[in-house]
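Undergrad: Protein sequence lines, in the order shown, are assigned to chains G and H.
The first sequence begins at 823 in this note's numbering and counts up by one.
The second sequence begins at -5 in this note's numbering and counts up by one.
Don't read these hints as lab results, they were simulated from the structure.
Please note that the accuracy of each hint is not assured.
Claimed, not checked - Residues from chain H that keep clear of chain G, each with C-beta distances beyond 10 Å, as calculated:
#, residue
1, G54
2, I219
3, G278
Unchecked claim - Pair ranges (Cβ atoms, derived):
#, chain 1, residue 1, chain 2, residue 2, range
4, G, A1024, H, R1, 50 to 56 Å
5, H, R1, G, E1020, 55 to 61 Å
6, H, F334, G, G1094, 36 to 42 Å
7, H, L135, G, K1138, 33 to 39 Å
8, H, L135, G, E1020, 47 to 53 Å
9, G, P1151, H, T195, 54 to 60 Å
10, H, L135, G, S1222, 51 to 57 Å
11, H, V119, G, S1222, 49 to 55 Å
12, G, A962, H, F345, 34 to 40 Å
To be verified - Stretch-level coverage of chain G by chain H, calculated; a stretch enters the list once three of its residues show a Cβ under 8 Å from a Cβ in chain H:
#, stretch
13, 882 to 889
14, 1143 to 1150
15, 1268 to 1281
Bear in mind the structure is a predicted one, so any value in this text is a computation, not a measurement.
Where a beta carbon is used, it is the ideal one built from N, C-alpha and C, also for glycine.
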Amino acid sequence: MDDTLLSIQGLTKAYPGVVANDDVSFDIRKGEIHALLGENGAGKSTLVKMIYGLVGPDRGTMTLDGNAFAPPKPSVARQAGVAMVFQHFSLFDALSVAENVALGMENPPKPRDLAARISEVSEQYGLPLDPSREVASLSAGERQRVEIIRCLLQDPRLLIMDEPTSVLTPQEVDILFETLRKLKSEGTSILYISHKLEEIRALCDHASILRHGKNVGTCTPSETSAREMAEMMVGSSFATPKARDVTLGEVVLTVDNLTLPALDGIGTPLRGISFELRKGEVLGIGGVAGNGQDELLMALSGERLSDPGMVHFQGKDVSRQGPGERRLPGLLSAPEERLGHAAAPDMSLTENGVLTAGKRAGLVKNGFIDWAKSRLFAEDVIEKFDVRTPGPNVAARALSGGNLQKYVVGREIVQKPELLVINQPTWGVDAAAAAAIRQALLDLAHGGAAILVISQDLDELMEISDRFGALNEGRLSTPRPVQGLDMEQIGLMMGGAHDMEAAHAAT
Amino acid sequence: MLRLEKRPQPSRAWVVLSPILAVILTMIVGGILFAMLGANPFEAIRTIFWDPIFSEQFSGFTRPQLLVKAGPLILIAIGLSIGFKAGIWNIGAEGQYIMGAICGAAAGLALYPSDSVLLFPLMLVAGALGGWAWAMIPAILKTKLGTNEILVSLMLVYVAETILASAASGFLRNPEGMGFPGSRNFKEWDAVYNGELIAGTGMHWGVVAAFIAVIAAYVLLSRHIQGFNIRLTGEAPRAARFAGVNPSRIVILCLGISGALAGLAGFFEVTGPAGQITIDFNAGYGFTAIIVAFLGRLNPIGILLAGLLMALTYIGGELAQLMLGVPGAAIQLFQGMLLFFLLATDVFTNFRLRLAKKEAV
Chain G
823 MDDTLLSIQG
833 LTKAYPGVVA
843 NDDVSFDIRK
853 GEIHALLGEN
863 GAGKSTLVKM
873 IYGLVGPDRG
883 TMTLDGNAFA
893 PPKPSVARQA
903 GVAMVFQHFS
913 LFDALSVAEN
923 VALGMENPPK
933 PRDLAARISE
943 VSEQYGLPLD
953 PSREVASLSA
963 GERQRVEIIR
973 CLLQDPRLLI
983 MDEPTSVLTP
993 QEVDILFETL
1003 RKLKSEGTSI
1013 LYISHKLEEI
1023 RALCDHASIL
1033 RHGKNVGTCT
1043 PSETSAREMA
1053 EMMVGSSFAT
1063 PKARDVTLGE
1073 VVLTVDNLTL
1083 PALDGIGTPL
1093 RGISFELRKG
1103 EVLGIGGVAG
1113 NGQDELLMAL
1123 SGERLSDPGM
1133 VHFQGKDVSR
1143 QGPGERRLPG
1153 LLSAPEERLG
1163 HAAAPDMSLT
1173 ENGVLTAGKR
1183 AGLVKNGFID
1193 WAKSRLFAED
1203 VIEKFDVRTP
1213 GPNVAARALS
1223 GGNLQKYVVG
1233 REIVQKPELL
1243 VINQPTWGVD
1253 AAAAAAIRQA
1263 LLDLAHGGAA
1273 ILVISQDLDE
1283 LMEISDRFGA
1293 LNEGRLSTPR
1303 PVQGLDMEQI
1313 GLMMGGAHDM
1323 EAAHAAT
Chain H
-5 MLRLEKRPQP
5 SRAWVVLSPI
15 LAVILTMIVG
25 GILFAMLGAN
35 PFEAIRTIFW
45 DPIFSEQFSG
55 FTRPQLLVKA
65 GPLILIAIGL
75 SIGFKAGIWN
85 IGAEGQYIMG
95 AICGAAAGLA
105 LYPSDSVLLF
115 PLMLVAGALG
125 GWAWAMIPAI
135 LKTKLGTNEI
145 LVSLMLVYVA
155 ETILASAASG
165 FLRNPEGMGF
175 PGSRNFKEWD
185 AVYNGELIAG
195 TGMHWGVVAA
205 FIAVIAAYVL
215 LSRHIQGFNI
225 RLTGEAPRAA
235 RFAGVNPSRI
245 VILCLGISGA
255 LAGLAGFFEV
265 TGPAGQITID
275 FNAGYGFTAI
285 IVAFLGRLNP
295 IGILLAGLLM
305 ALTYIGGELA
315 QLMLGVPGAA
325 IQLFQGMLLF
335 FLLATDVFTN
345 FRLRLAKKEA
355 V
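Chain H on its own, in the form it takes in the complex:
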């Protein structure tokens, strides 16, 4: 009989090993999946993990995409991880991302066609506030009425999607767009366009913000007393209260940070790679960021790497669809597997497997 035994201390080796093992297991099972779909598994894995960066044929286009996709994922996941550390489950980053994009875009479009240098910072603040305000709804409901933030934040995603549709076809629609839904395109408005900072890298202000967020989160969690209180709340709520931590304040703080960062991600996306508010503007970054946060062990550096890896599977997945005819759902399954295996291997951080004799009762 195999038996799980709790370790006296969390294993440091397994904290690092479990994501690596999860990636390997995902490749194996994913390979079997692709083989059953009729694709060559080795080719499929290579197309997903290798070709986007190194293939001569595609990398010119796909390599910059890596940072474009990883930027918002990392930015959102950093915010989420801070809440997850405290046991506050913001599942609605997608909604906060949408609201950040709408508010940021709206602040700019209201002043169109100004070319003030202050416009971009103003829109940035508006975007962050939009995401923050959307996250404050579950935060206040939780602290005042004891509602579950998972449900409230998740349902607000669908509300935000509806507002997005109405913005694209209504109050933010391009007056010169001949009636088509969608806002003015920021790519044609130099004063606020969030383009590539270095040509051919995909690096835009959102990616810079993501790197800053990684460093800030690292400092917060490892050095600052608020970060300590956040971790303490997640590890032992009663001890946190004993230490003098106000649980409501932690809820407001964590949801606020994650909402604002998701809002920022939305703002950078709408002014940059996406270029405009459209009905299908959101691409699921808010949900994928949850996987990124866990894949990165809720650790800022881990999230940075996980965000890049996840972006790779996105781009590689698209490439595999294009080149090998693998269905899109298989790619999503592949990403889901990654989280599944991560959670499974994570058990070994706190437990070890023991061969046990059947105990005499």
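Excised from the complex, chain G in its bound form:
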């Protein structure tokens, strides 16, 4: 046990309504790269926050080098030698690299000495970086280097990296891996959080896998196949999809080589997405968050316009039409973010009904809003979808997440869409409400509507979809019937093997 740096025993942390970590235990040895693997929402972030002192555990203990370790705040964790590179950088654009580094230090040295130290460390670890450059001019990879160097200046014994490669180009990934291996050879331990299986196999010595807050196993990635890890990560718990009695009608939506640049340089570009959707069909789109889900929804809802010919709805080219024009013939959508995107937080539920239903539900005539009718519409949604609220005059932000979700989903379903595009329909909704929303979607499909469900909940997709595809870095795998899919194929699609060809080859 001498070579154990950090030992975690039985850590448990519950938030209202969800147990984020349930009795998690594992050890990190000195000088190893230890992977923490899991889907979104599996509890990786919570666990890391406990190690870094951002939240305190409800139960369980940690030891660092044999001594009890329970950091009440991050500065204590840093003094003990734990450093962390966050997924989202906290850098000031207008300041130079050295100034940014100095801001994060308790006792910054003189600027000139600090610049020299930065150059020294950056050379030592092969992370080229000029301390005098302004952060605004740096690429994402270079910004990450600033964060890494900021950590390295503290001579950490444990370096935590939260999804470091999500913002990097392949070349930058190679450089990062070299640095991490060098750190490891000098005895620094690294806790590496990711869901990219191939990366973990290439880099990590051990991997602990979290699923629904539980540690479901520790393995040696180099000796474990991607398939086995994917199975551990995703679980094989979901119900085998049963054949639904689906009568498919004519094609409602045709997406042909949909390509869009990333919005404002951040986000994910869409790359050549093509698929068809028929009446009565539910197409499920999975994938890890941030792989183009929002972008796909916005391209279909009309919030972002695409080149002519890319999106056809009911045989008509709607690529250049905005959301209002698409809604009128029945292309409705429900975005993931409820407050601020699907609904205006400070407006009442009635007003939020007018937001998407104004024209299609006949709430607006000759440009004037019929408030009495709008109120009835809101009350109708509230009643049909069991939204718990004192009434339609309540501001959207006063509702709980689950209730607001029921309202924004219900608002679209009540309008009887021909096609409903919906992102994360049951995110943050309690089990009963989630089941109700899923049933409403199935009923809608049974009534002849086409539905596109984007979700990160695989169980959900398997339960309601007829066909399944996964988004990865803005590409959509060819959708395949759900019944033909096995764990291996899904795991590979989710875990980073980009194309279905890989899955075919493995079968």
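Using the hints, position chain H against chain G.
TA: Coordinates of chain H only, in the frame set by chain G:
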């Protein structure tokens, strides 16, 4: 420890209470200010708020002034409030006001000395268009190039002032004015003079226009889908885009409305109370209207009341200068305080104060 806690819903009571509380706080602090300047604070407050309307000695002159001053303030503030609702900050109403006056006056003077009944409406349209066109500059720059409308509209005020100076001493100068700067006086030209409609009230066409604007804005914001889209854009821009609102169109619409109304205010002023284009024609109505818009909670009815109140402080302030020798800057400070306290008390609309124990970290 006191702590601010976000309310689940904006408090309706505080929407109404905060302007009243702001006025009271302004009176208290303003009173202290006047006391420090050596004036009797109670007398000063009475001179500002009471005497202009009720004093036997002055009210005959000052009472009509109330509507004369409130008219342009309300007209401009209504336009500004529509933009502010959408998060579009037109700070340059003063410039649009000047351009409206110049264009309106120029359209009339070009046809001098016609006495056609169509002349006044023609000048009115020209005035509105002048203000509208001046506001279109920041609007188009914002939608096409992404410039900041605050800076552009503000800087255009100084451009407009320069054009005003050149108009008064150059292209609109009265040819019979013996070389003095300033245009012909509309008060001597019956066909276009915008005089009092009812003697002794100060009511002129600009005041009528202001009342119409209040009603129209109320209908627009509470009943019309464009008003709804304007509010939605201000509250949640992403939701507005999701709803199908074109942000550029809202920018053009809002700046257009506020520019046209400011232009109209300028036109009514130049043909009425001011009477002519002069170098110092503009009196800061365009800037004060910003305070009026916020004091009125961006609500048309609120703006109507706020405009009257602000006009009162103008007239009362002048009276206080005259009677008590309070410096003019103190009056401006007094008006600034009003906005300051309003913004401060406004916090309680969305937040409430809580006594909080120090949280265990």
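Undergrad: If a hint holds in the structure, say so; if it does not, say that too.
TA: Do the hints match the structure? See the list:
Distance to chain G confirms H:G54 as a non-interface residue, since its nearest Cβ pair spans about 45 Å, more than 10 Å. Residue-level check failed: H:I219 sits 5 Å from the nearest beta carbon of chain G, not beyond 10 Å. Listed as outside the interface, H:G278 is consistent with that label: its C-beta sits roughly 33 Å from the nearest C-beta of chain G, beyond the 10 Å cut-off. For G:A1024 and H:R1, the hinted distance range of 50 to 56 Å is satisfied, since their beta carbons lie about 52 Å from each other.
Under the hint 55 to 61 Å, the C-beta atoms of H:R1 and G:E1020, about 49 Å apart, miss the expected range. About 56 Å separates the C-beta atoms of H:F334 and G:G1094, a value inconsistent with the hinted range of 36 to 42 Å. Distance hint check for H:L135 and G:K1138: the Cβ-Cβ separation is about 36 Å, which falls inside the suggested range of 33 to 39 Å. At roughly 49 Å, the beta carbons of H:L135 and G:E1020 sit within the given window of 47 to 53 Å.
Checking the proposed 54 to 60 Å range against G:P1151 and H:T195 shows it holds: the Cβ atoms sit about 56 Å from each other. Here the CB-CB span from H:L135 to G:S1222 is close to 43 Å, at odds with the stated 51 to 57 Å. At about 53 Å, the CB distance of H:V119 to G:S1222 agrees with the hint of 49 to 55 Å. The hint said 34 to 40 Å for the Cβ distance between G:A962 and H:F345, and at roughly 36 Å that hint holds.
With 0 residues bearing a CB less than 8 Å from a CB of chain H, the stretch 882 to 889 of chain G misses the requirement of three and the coverage assertion fails. Proximity of the stretch 1143 to 1150 of chain G to chain H, defined as three or more residues with a beta carbon under 8 Å from a beta carbon of that chain, is established by the 5 residues found. For the stretch 1268 to 1281 of chain G, the stated coverage by chain H is not satisfied: 0 residues place a CB nearer than 8 Å to a CB of that chain, which falls below the threshold of 3.
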